[in-house]
Amino acid sequence: MLQQILSITLLGLRSIPERLGASLVIVVGLAGVVAVFTALLAMAAGFRSTLESAGRTDVALVLRGGSQAELNSGISREQGAIIKQAAGVAKDPDGQALASAEVVVIAELMRPGGKTSSNITVRGVEPAAFALRPQLRIVAGRMFGQGLRELIVGQGVSRQFAGARLGQVVRMRGSDWTVVGVFASGDAYESELWADVDVAQSTFNRQGYSSVRLALADSGGLRAVKDALSADPRVNVDVETEKQYFSGQTEQFRRTIGALAGVVTLIMALGAIFAALNTMYAAVDTRAREIATLRAVGFRGLPVVVSIMLESLILALAGGLLGALAAYVLFNNMVVSTLGANFTQVVFRFAVTPSLVANGLIIAVVIGMIGGCLPALRAARQPVTAALRAA
Amino acid sequence: MTRTGFVIANLWRKKTRTVLTLLSIVTAFLLFGLLQAVNVLFTSGADFIGAARLVTQARVSFTQSLPMRLLPQIESVPGVEHVMWQQWFGAVYQENTQLIFLATDPARLRLVYPEYIMPDAQWQAFESTRTSMIVGRNLANQYGWEIGQKVPIASNIFPQQDGSKNWTFDLVGIYDGKDEDWQRNTNVGWINFAYFDEANQFGRGRAGTYTIKLADAGQAEQVARTIDAMFENSPDETKTQTEKDFNIGFIKQIGDIGLIVRWILFAVFFTLLLVVGNTIAQSVRERIPELAILKTLGFRDGEVLGFVLAEAALLCALGGLAGLAIATPLGVAITRATGGNLPIAVDGTVWLVGGIAIVLLSLAVGLLPALRAGRLTIVDALAGR
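Line by line, the protein sequences are chains A and B.
Okay, so the first sequence: first residue is 1 according to our numbering, each after it adds one.
Okay, so the second sequence: first residue is 1001 according to our numbering, each after it adds one.
No wet-lab data here; the hints were simulated from the structure.
On a predicted model such as this, the values are computed, not experimentally measured, just so you know.
Glycine residues also receive a C-beta, built at the ideal position from the N, C-alpha and C atoms.
Pairs of lysine to aspartate or glutamate, EDC-like flavour, derived with a Cα cap of 20 Å: (1) A:Lys-115 <-> B:Glu-1221; (2) A:Lys-115 <-> B:Asp-1256; (3) B:Lys-1244 <-> B:Glu-1180; (4) A:Lys-115 <-> B:Asp-1245.
Label-pair restraints from in silico Cβ distances: (5) B:Gly-1144 <-> A:Gln-96: 50 to 56 Å; (6) B:Glu-1198 <-> A:Gly-174: 28 to 34 Å; (7) B:Glu-1286 <-> A:Ala-358: 37 to 43 Å; (8) A:Glu-78 <-> B:Gly-1144: 42 to 48 Å; (9) B:Gly-1144 <-> A:Gly-65: 26 to 32 Å; (10) B:Ala-1194 <-> A:Gly-220: 46 to 52 Å; (11) A:Ser-230 <-> B:Ala-1215: 54 to 60 Å; (12) A:Thr-57 <-> B:Arg-1069: 45 to 51 Å; (13) A:Pro-383 <-> B:Ile-1008: 26 to 32 Å; (14) A:Ala-87 <-> B:Ser-1234: 40 to 46 Å.
Which residues of chain B face chain A? A few of them, derived with a C-beta cut under 7 Å, are: (15) Arg-1017; (16) Ser-1024; (17) Ser-1061; (18) Thr-1063; (19) Asn-1156; (20) Glu-1237; (21) Ile-1264; (22) Ala-1267.
With the hints as extra help, turn the sequences into a complete structure.
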């Protein structure tokens, strides 16, 4: 039995070069489906990892109650001071709370050569901000000076948008800001411009802060901060870990892209199934006489069915691999940007992950099975005599 | 048998193949229709809005509120007919649904947006009720809101004096659009600015952005330049552009997704080209002796070429039109399902581009086999060479 399956399958595979055009239809069809599927989800995966790696589990983010995003939040100076004193916050060697109150505003930058501008996050930070983000380092230039209108820019912004390179001047609210440094962090912060918090507050006419980041003293720190702040009538805030905050921000985007990928893949998969059916029917037709001969000399129906299914599967898998490869070569690490939850651009890279490729290949296999199954049955069912005579 | 009948009969000789090919074309054009509609959304913006309105925002970003004190200065610019302002409310309904709600002055809204159609009594109620709001027809239908209802809307930005972010407004009017395009865009809610301004915790006098109705759309550029020049070098530098450009800028912010959509379109089309092209080439190959007989009977090269090309075109046209026809109601369904946030309109433009795609596809897949059929020499073909 296995012997029969093997020999018929090999026979079929060896004759593929004679039916190259038709066989390529399955390969290309499946390559298209898998490439589109993988590329779309690689975009969602890249967005997610960029935002989520920005968030730490040992840092708490405090926003005004119900704000959802830093942009919408507002915390007064007094409240900021109260929040930093909460129990559960880690202290630096000098006994000061390890915390950074930050102000988030938006500036517009142009895309290179573009006519429309894009929203970019401007973050005013306190010195402790850098201790809370050890992944961040200056890769060119220097740190901004305290009290000066100077900016350091994330390398994502610096590369993707015009006017924010080292030494250039960004104009905001009637004043000029010099870019004195470029920083890298490998996450969402690379999409931001950073400045001294006091200068940002005065320039943007903000009395308070947008958010406060707190280093948590230990694993119970979050609970302690939450308890302390919810018991205090002077503040009304939401407290979560920075990680939870950034994960929450990716939800909408992931859902949108997930739905898009689902619909597009489903429709394309239908098209590919029709194409695969077409190809395999044609293959069975061309080989009708050969198959009938095999049956006449004693081969059973099942090996014929299995071998045709196998042929379809192998072609589909080849297409799937090709598609995944195409997605990887064309899209992996491609840098793009889109609107994040803060209403500003988030620069991220496509991430073609092994699990995405695996899922793509599963889709290819399923389509290959469906595409091979009906034609295989037809091949096995056709009366031997009629097939021999017809050809 | 007529020639048309002959083409159809040829298509029907291998039913399974024709049906399957047709179905792949249908799915491809279904996808094409939807993606093209998304593409139009990203590239052209809403044409119907026109250029007779300007939007003035803070130059640094439209999220930075402009102060109310700019109003008289903007109003004094020659060519400006009416001015209104709107403050983004950051509306959140029920669990976590973000809606577009803006606070504005009712009388000014009516002057600046004559495209909004609403009974006189409702306009008056909007002005005279302190805690009033009006919403577009689409929005009202989506959440089943009725006039006279008190609607709880939270803001993710503005707390009231008591610190609560849960606001309640009286729904006093539901507006329609003056035509189909405007009707599609009735998913915005407007709340009474006077109440909002006095009840919010951050104090008064923050206008947000300004919308300006011009006496003459031709003056847009000049008026925009005058306004921006007035506030140059102040902390409240402005950026003024036509409402259409403002909206396009808004959509463009979504960024490179438009590019991705184009990549998908390309992948779909390339795949389709191969599938259909191969099928047609194969069907011609199988019929070479028949085509030779046609020629023996006296059909000319051009006629045989025409038969094959017509077959390809018929297949593409049937499949393509069916696909677009399915995409059209599906687009409406998606628009409804997303509450107008993703307005996919498979409209005339999309059909036109679809039509062009059908023609190009027919030529691409039909031309080579047709030329081959036209060039056949009878003797070789009949001899199977």
